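Position one of the sequence shown corresponds to residue 0 (numbering that gives the first Met the number 0), numbered consecutively onward.
Bear in mind the hints are in silico, worked out from the structure with no lab data behind them.
Please note: incorrect hints may appear among the correct ones.
What the hints assert, rightly or not - In the EDC-like style, the derived pairs of lysine to aspartate or glutamate whose C-alpha atoms are separated by at most 16 Å in a straight line are:
id	residue 1	residue 2
1	10	63
2	10	42
3	75	60
4	10	67
From a predicted model like this one, the values you see are computed outputs, not experimental measurements.
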Amino acid sequence: MFNSSEKSDQKTTEDILKTVYDALEEKGYNAIDQMVGYILSGDPSYITGHNNARNIIRHIERDDLVEELLRAFLKK
């Protein structure tokens, strides 16, 4: 049985990507390059700890990130 507040606290992949992107931008990084580095290597040091971004992005498997990005790209 799921707790309704537990389910509502979960972020979507899109929300997580936006949060991480914003944190990287705020710290002055090229967010796209950093996120690509993380997705390709799996090295969390590509993602800043600012605003808990490094922990947040770990909630999603990298292959799921690639799937989500490919789906979004092909929809356009």
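Status of each hint after checking the structure:
Between the alpha carbons of residue 10 and residue 63 the distance comes to roughly 14 Å, so the proposed pair stays at or under 16 Å and holds. For the given pair, residue 10 sits about 22 Å from residue 42 by alpha-carbon distance, which is inconsistent with the 16 Å threshold. The hinted pair formed by residue 75 and residue 60 fails the criterion: a straight-line CA distance of about 24 Å is larger than 16 Å. For the proposed pair residue 10 and residue 67, the alpha carbon gap of about 14 Å is at most 16 Å, so the pair holds.
Hint violations for this structure: numbers 2, 3, all remaining hints satisfied.
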